[in-house]
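Given chain A, put chain B with the ligands in place with the hints provided.
Here the protein sequences line up with chains A and B, keeping their order.
The opening residue of the first sequence carries number 1 in our numbering; numbering runs sequentially from there.
The opening residue of the second sequence carries number 1 in our numbering; numbering runs sequentially from there.
Hints are not guaranteed to be accurate.
Unchecked claim - Away from chain B, derived, C-beta distances all over 12 Å, residues of chain A:
#, residue
1, GLU25
2, MET34
3, GLU82
4, ALA173
5, LYS176
6, GLU223
7, GLU249
8, PRO321
9, ALA441
10, LYS463
To be verified - To spell it out: a stretch of chain B is covered by chain A in this simulated footprint if at least three of its residues, at any positions, have a beta carbon under 8 Å from a beta carbon of chain A; those stretches are:
#, stretch
11, 41-54
12, 93-102
Note that these hints are calculated values from the structure, not bench results.
Every residue, glycine too, gets a C-beta built ideally from N, C-alpha and C.
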Amino acid sequence: MPNMSKEKVKMPEQDPQVRNKNFEEVALGYTKEMAMEEATRCLNCKKPFCMDGCPVNVPIPRFIQEVAKGDFDKAFDIITEENALPAICGRVCPQENQCEGKCVRGRAKGSESVAIGRLERFVADYHRDHGKKDESKIVKNGKKVAVVGSGPSGISCAGELAKRGYDVKVFEALHKTGGVLSYGIPEFRLPKALVQYEIDTVADMGVDFETNVVVGRTITVDELEEEGFDAIFVGSGAGLPRFQGIPGENLNGVYSANEFLTRVNLMKGYMFPDRPTPVKVTNTVCVVGAGNVAMDAARTAKRLGAENVYIVYRRSEEEAPARKEEIHHAKEEGIIFKFLTNPIEVKGEDGWVKSLVCQEMELGEPDESGRRRPVPVEGKTFEIETGTFIVAIGQSPNPLIRQTTPGLDTQKWGGIIVNEETNETSRENVYAGGDAVTGAATVILAMGAGKKAAQAIDEKLSKK
Amino acid sequence: MYEVKRKVILNDAAFEMDVYAPLVAKKCEPGQFIIARVGEDGERIPLTIGDYDPEKGTVTIVVQAVGFSTKQMLKLEEGDCFTDFVGPLGVPTKLNPEHKHVIGVAGGIGSAPVYPQLKKLAEMGCNVDVIIGGREKQYVLWAEKFEKFCDHVYIATDNGEVGTKGFVTDVLQKLIDDGEKFDEVIAIGPVIMMKNVVRVTKPYNIPTSVSLNPIMVDGTGMCGCCRVTVDGKIKFACVDGPDFDGLTVDFDELMARQRMFKEEEHHVNENADRICNLMRGVE
Ligand SMILES: Cc1cc2nc3c(=O)[nH]c(=O)nc-3n(C[C@H](O)[C@H](O)[C@H](O)COP(=O)(O)OP(=O)(O)OC[C@H]3O[C@@H](n4cnc5c(N)ncnc54)[C@H](O)[C@@H]3O)c2cc1C
Ligand SMILES: Cc1cc2nc3c(=O)[nH]c(=O)nc-3n(C[C@H](O)[C@H](O)[C@H](O)COP(=O)(O)OP(=O)(O)OC[C@H]3O[C@@H](n4cnc5c(N)ncnc54)[C@H](O)[C@@H]3O)c2cc1C
Ligand code: SF4
Ligand code: SF4
Ligand code: FES
Chain A
1 MPNMSKEKVK MPEQDPQVRN KNFEEVALGY TKEMAMEEAT RCLNCKKPFC
51 MDGCPVNVPI PRFIQEVAKG DFDKAFDIIT EENALPAICG RVCPQENQCE
101 GKCVRGRAKG SESVAIGRLE RFVADYHRDH GKKDESKIVK NGKKVAVVGS
151 GPSGISCAGE LAKRGYDVKV FEALHKTGGV LSYGIPEFRL PKALVQYEID
201 TVADMGVDFE TNVVVGRTIT VDELEEEGFD AIFVGSGAGL PRFQGIPGEN
251 LNGVYSANEF LTRVNLMKGY MFPDRPTPVK VTNTVCVVGA GNVAMDAART
301 AKRLGAENVY IVYRRSEEEA PARKEEIHHA KEEGIIFKFL TNPIEVKGED
351 GWVKSLVCQE MELGEPDESG RRRPVPVEGK TFEIETGTFI VAIGQSPNPL
401 IRQTTPGLDT QKWGGIIVNE ETNETSRENV YAGGDAVTGA ATVILAMGAG
451 KKAAQAIDEK LSKK
Chain B
1 MYEVKRKVIL NDAAFEMDVY APLVAKKCEP GQFIIARVGE DGERIPLTIG
51 DYDPEKGTVT IVVQAVGFST KQMLKLEEGD CFTDFVGPLG VPTKLNPEHK
101 HVIGVAGGIG SAPVYPQLKK LAEMGCNVDV IIGGREKQYV LWAEKFEKFC
151 DHVYIATDNG EVGTKGFVTD VLQKLIDDGE KFDEVIAIGP VIMMKNVVRV
201 TKPYNIPTSV SLNPIMVDGT GMCGCCRVTV DGKIKFACVD GPDFDGLTVD
251 FDELMARQRM FKEEEHHVNE NADRICNLMR GVE
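The following block holds chain A by itself, in its conformation from the complex:
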């Protein structure tokens, strides 16, 4: 008889008023008992809708049945048939729009879906602490593949190919691997030790990581081919931060979210001055945008000591693209939300930000995306006194690889064009995936693309 409790088993979390002053992980994870109890809420549906919601088709009911039985090793093997990075996806997937959004248990009013993400996270963490390292021997096939970028798309492509016997070399522009997982998503949401563990696992399969190589500058795609790489996968991510183009954006105290988070995460600015890369916040901080990036920036600013942190967003809460859990956590931590509010000017004094001028908005007619378009409310503006303004309104692709790779077709907005079946680009044997193709999206979609490309590369090269 399944457990018919309407609510998910709660996951222990650090107290909001404690955690908003430290960088340790917010959610503490299930215990064995909690996981087994939550697993019994799954109905093991004949037609598991949950799987339709998962971009990589994790065999959700199968793994959950094993969790219920307490066979966590088996559960791990089942998840990793489809998903190489469950510890990460369990933490950062927007489950409410994906697997959990489709779960039948969540359909009845007042009833919550099965906590698929939390279970996935539990299984992965348990395996890391207790499981045996996979000792299976890889038979090399003598073929070489180069991967550009060590974000989730690059890591999953590399791991998948290594398993199949390819010699894989990953080239990363920064001094550290992991892409957004390392420089973007903060420690309190995704511990860096965990990211490193996943990368080490891929390295243990024989994948070679070379940092400090900017493809397009240090070496070009053409030169990689000349060096004998049989195929190349480009997973170079979303790239250049966008700004709104309003007056005052170059004043001191204005950051892109990428800069702010990179200083804190990659360069360990949260330990400044014990680490030399500085980051500065003032007593009041305003962040524009309402995606995961904006939540991360706001919650990071709070942890660095800002008293009043505002999130300013021109649409309403319903349209906010961030994971629901992040918005919830941000509110608990004391972040102040100003919905239907659009920044129109940053005012300064002596070169420094002094205040943010905001325009009140209301929802008008639906636009092309089907969302109701925010329109200004005539004459209603107000000012927030602030010394820091963080811009988190998205990115556009970095043009470097496009500009230095002849024959590589891209969309008008810069995204690399690929064949949807194979992820191959207009250049033969050059594949691409992740944010470089889709624009800023999600970890799981990037991983899915890396894996799909690996399969297509294998299919093509094994025919040769």
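Chain B with the ligands alone, transformed into the frame defined by chain A:
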């Protein structure tokens, strides 16, 4: 590893190093830069490529030890290694083959970035001159290197110890007044110097190339920290530059933005020894 193959102290503030980085040495072109780090948690520090030797696999940098991280670099001896050394970054300088007569203006360590640009122009058959400036004699760098291919090497020092007493801009103004015709001026040095060179060249509409040095983090176009305003538009110096048309650069904004972390830099400098120990895990 990125080994220091040669180190020379140039004066009481600056030093020169050849660093083993074969991939960079093979690819770099005038106008480009690298980013270097010392230590596991070290800052990412952008430095212009002064010279390069693809055969030996080395890149020459000239560094002014102004703060914590550049002083860390100064501590490296021959045989020691940089933790990271990535490049070449930025767009190579567009050197116009039509140009017949170009003058470089180098302030302090600006000699290093000006050098490869003028050298390449000379190789392309252009007549090149250079004005090198420094507060006093010890800060006038690389005069002998320039002499190998420059028709004229002018020197200006604040105290008149060598060359003309005064600023590089005084020398440039005089040359223009004397009827010298330049197809282009390439000015690299402190921002205030570049701004003043443009003040000289603008009335004559002489194309003036400058190399901008805003604060950077990644240097790959990801963070947007290095944004500068050129011709009224936002540009990212690390991917759109660092060379820009000096006549349209907003120098005042650049100078203001360079002060973003003044207090923090000061604090780090004051506590340099303690931080070094922490980073090495001594405490
Ligand atoms: C702050 C923040 C929070 C986020 N939160 C979430 C979340 O909660 N859930 C979620 O699903 N998604 C989230 N995302 C989005 C998610 O992280 C991205 O969609 C995902 O990382 C994309 O993966 P990728 O492999 O395509 O690129 P990236 O992770 O961007 O990795 C690209 C890598 O390539 C390197 N590179 C770029 N150009 C070159 C070159 N020329 N040569 C060599 N290397 C190069 C880069 O340095 C980088 O390491 C978040 C993003 C950010 C910024
Ligand atoms: C494209 C480019 C090329 C450069 N080339 C050279 C060169 O060839 N030789 C040389 O000596 N210097 C060069 N610089 C400047 C050099 O990077 C800074 O002097 C150095 O970062 C100072 O670091 P610090 O910790 O020693 O000093 P700090 O005390 O931290 O800072 C001193 C000053 O340097 C600037 N600065 C600080 N951090 C950075 C940073 N991450 N990026 C850029 N500027 C910063 C600030 O404006 C500050 O006022 C270049 C900068 C750029 C952007
Ligand atoms: S990978 Fe993401 S979407 Fe798929 S089951 Fe796991 S948490 Fe859900
Ligand atoms: S839809 Fe929900 S209840 Fe059904 S199998 Fe999936 S997780 Fe279990
Ligand atoms: S330094 Fe980060 S975008 Fe230029």
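Here's how the hints hold up against the structure:
1. GLU25: holds, 21 Å
2. MET34: holds, 36 Å
3. GLU82: holds, 30 Å
4. ALA173: Non-interface label fails for ALA173(A): nearest chain B Cβ at 5 Å, not farther than 12 Å.
5. LYS176: violated, 9 Å
6. GLU223: Check fails; 9 Å does not lie beyond 12 Å.
7. GLU249: violated, 8 Å
8. PRO321: Holds, since 20 Å exceeds 12 Å.
9. ALA441: holds, 17 Å
10. LYS463: holds, 33 Å
11. 41-54: holds (count 4)
12. 93-102: violated (count 0)
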